[in-house]
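Chemist: Sequence:
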Amino acid sequence: MLSLLDFRKEISSDPGGFLRSWNTSGSSAADYCSWNGVTCSRTHPRRVIELKLSSQSLQGRISPSLGNLTFLRTLNLSYNSFFGQLPLLSRLVRLQDLVLNNNQLQGLAPDALINCSSLHSIKLSSNMFTGPIPASIGSLSNLMYLYLDDNSFTGAIPSSLLNISKLQELVLSSNMLAGPIPPNIGSLMNLTVLYLYYNNFNGAIPSSLLNISKLQELVLFSNMLAGPIPPNIGSLVNLTLLYLDYNNFTGAIPSSLLNISKLQQLVLSSNMLAGPIPPNIDSLFNLTLLSLGSNNFTGAIPSSLGNISKLQHLMLQNNQLNGTIPQNLGNLSNMYRLLLGHNRLSGSIPTTILNQSSLQILSLEANFLRMALPSNIGNTLPNIYALFLYNNMFHGPIPASLGNASHLTLLDFASNSFTGHVPSSLGNLTKLSYLRLEQNNLNGLIGSWVGKLNNLVRLSLSDNNFSGPIL
Numbered sequence: 001m002l003s004l005l006d007f008r009k010e011i012s013s014d015p016g017g018f019l020r021s022w023n024t025s026g027s028s029a030a031d032y033c034s035w036n037g038v039t040c041s042r043t044h045p046r047r048v049i050e051l052k053l054s055s056q057s058l059q060g061r062i063s064p065s066l067g068n069l070t071f072l073r074t075l076n077l078s079y080n081s082f083f084g085q086l087p088l089l090s091r092l093v094r095l096q097d098l099v100l101n102n103n104q105l106q107g108l109a110p111d112a113l114i115n116c117s118s119l120h121s122i123k124l125s126s127n128m129f130t131g132p133i134p135a136s137i138g139s140l141s142n143l144m145y146l147y148l149d150d151n152s153f154t155g156a157i158p159s160s161l162l163n164i165s166k167l168q169e170l171v172l173s174s175n176m177l178a179g180p181i182p183p184n185i186g187s188l189m190n191l192t193v194l195y196l197y198y199n200n201f202n203g204a205i206p207s208s209l210l211n212i213s214k215l216q217e218l219v220l221f222s223n224m225l226a227g228p229i230p231p232n233i234g235s236l237v238n239l240t241l242l243y244l245d246y247n248n249f250t251g252a253i254p255s256s257l258l259n260i261s262k263l264q265q266l267v268l269s270s271n272m273l274a275g276p277i278p279p280n281i282d283s284l285f286n287l288t289l290l291s292l293g294s295n296n297f298t299g300a301i302p303s304s305l306g307n308i309s310k311l312q313h314l315m316l317q318n319n320q321l322n323g324t325i326p327q328n329l330g331n332l333s334n335m336y337r338l339l340l341g342h343n344r345l346s347g348s349i350p351t352t353i354l355n356q357s358s359l360q361i362l363s364l365e366a367n368f369l370r371m372a373l374p375s376n377i378g379n380t381l382p383n384i385y386a387l388f389l390y391n392n393m394f395h396g397p398i399p400a401s402l403g404n405a406s407h408l409t410l411l412d413f414a415s416n417s418f419t420g421h422v423p424s425s426l427g428n429l430t431k432l433s434y435l436r437l438e439q440n441n442l443n444g445l446i447g448s449w450v451g452k453l454n455n456l457v458r459l460s461l462s463d464n465n466f467s468g469p470i471l
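Numbered by UniProt numbering, the letters in the sequence shown go through residues 1 to 471 in order.
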């Protein structure tokens with residue numbers, strides 16, 4: 001009980017009164033096992049085995065006296081405002097779950113958790129820890145879940161971590177870690193989740209990583225990784241998520257990658273990848289998200305993409321793709337987002353795409369597309385939120401039916417050859433915040449419809465043939 005009371009003394013703010021039951025007088029003092037957040041053993045009723053105080057807006061320091069609760073199995077202080085250094089907890093040899101994420105803790109002593117050999121999970125995410133990851137964590141041989149993300153850890157991944165053979169989830173993202181991914185990371189044979197994104201890792205993907213056959217989620221985006229995507233990446237047959245974006249990868253998409261049929265999200269954007277998009281990409285038939293934007297891909301958009309019926313997000317923007325937009329992309333009835341802008345596409349938008357009622361974002365800007373928009377486009381795209389067609393060769397009138405697309409918020413038709421009046425029905429678009437129609441051949445009056453757009457932040461109508469006053 002004294003250890004709990006010492007802990008209570010370090011709490012400077014308890015706005016919800018959660019610790020009010022921790023009364024130090026009368027019979028309740030002796031019955032500390034009934035205090036809020038405290039659980040005692042059934043077989044040994046005076047032994048505290050769990051302390052769970054998550055999400056109570058508590059503020060203060062974590063008392064070193066917690067280290068005296070030697071029968072503790074679970075310590076959960078997450079989603080509070082604890083600050084200062086994590087005290088030495090090495091006497092908690094029975095501790096299995098340490099959950100301190102989403103606080104303001106700043107210091108992690110090198111030996112803070114040494115001897116805590118029963119630990120299964122450590123969750124220190126979203127704190128303010130700095131310095132290197134303590135090498136002593138590598139001695140925790142029973143650890144299965146290690147979450148150190150969203151801190152300010154620096155240096156390399158300690159080699160000792162690679163000794164934790166039971167580790168299943170390793171999450172080190174959003175830190176300032178650097179150096180190469182350890183070449184022997186493949187020794188973590190039980191990993192299912194590896195998140196290293198938002199760091200400064202460099203070098204190639206180690207070949208040993210491809211031996212972790214249980215891996216399901218590999219997320220490495222926003223680092224400085226380079227070289228080709230390993231040719232045998234297809235050996236990771238259980239991958240469902242693969243994020244390699246915002247790195248410096250070069251070369252083509254390896255053919256073996258198309259063997260990972262369980263893939264649901266494949267994100268390779270913002271690299272220096274080149275060559276054609278593989279024509280048999282539809283072998284990834286479970287994809288819901290495919291992002292290949294901002295690379296140097298060439299050639300035509302494979303029509304086989306239209307066979308991936310679960311696809312919801314297709315991003316191929318900022319490449320050097322040419323040819324026409326495949327007609328059968330309109331078969332993707334679950335499509336929310338289609339980004340094909342900043343390529344060299346020609347021809348027209350297939351009618352099948354303009355009839356996709358699920359589409360929310362259609363981005364085809366900066367191509368060589370040429371057509372008049374169908375008069376009913378606002379009815380066939382009822383859920384459209386953003387429509388970007390600028391820098392093409394569209395012509396004819398702006399369809400009045402766009403005024404029926406009640407979710408439309410971003411509309412950019414700039415730098416085309418649209419003619420005629422701007423339809424007054426655009427005044428019905430109460431959510432519209434961004435409207436660019438400059439550099440067209442529009443004429444007539446700028447009507448009172450503009451004044452109805454109460455959420456408008458950006459309006460550009462220059463370089464047209466408008467006349468008369470602004471009404």
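Among the hints, a few may not be true.
Unchecked claim - Distance windows between CB atoms, simulated:
hint, residue 1, residue 2, range
1, THR298, SER57, 48 to 56 Å
2, SER207, ASN383, 32 to 40 Å
3, ASP31, ASP6, 13 to 21 Å
4, SER57, PRO469, 21 to 29 Å
5, ARG344, PRO231, 44 to 52 Å
For the record, the hints were derived by calculation from the structure and aren't laboratory data.
The structure displayed is predicted, hence computed values, not measured ones.
Ideal Cβ placement from N, Cα and C applies to all residues, glycine included.
Chemist: Each hint needs a verdict: does it hold in this structure or not?
Modeler: Against the structure, the hints:
1. THR298 to SER57: 48 to 56 Å: With Cβ atoms ~55 Å apart, the hint holds.
2. SER207 to ASN383: 32 to 40 Å: violated (45 Å)
3. ASP31 to ASP6: 13 to 21 Å: holds (18 Å)
4. SER57 to PRO469: 21 to 29 Å: With a Cβ separation near 57 Å, SER57 and PRO469 fall outside 21 to 29 Å, so the hint is violated.
5. ARG344 to PRO231: 44 to 52 Å: 29 Å Cβ-Cβ, so the 44 to 52 Å window is violated.
In this structure, the hints that do not hold are numbers 2, 4, 5, in rising order.
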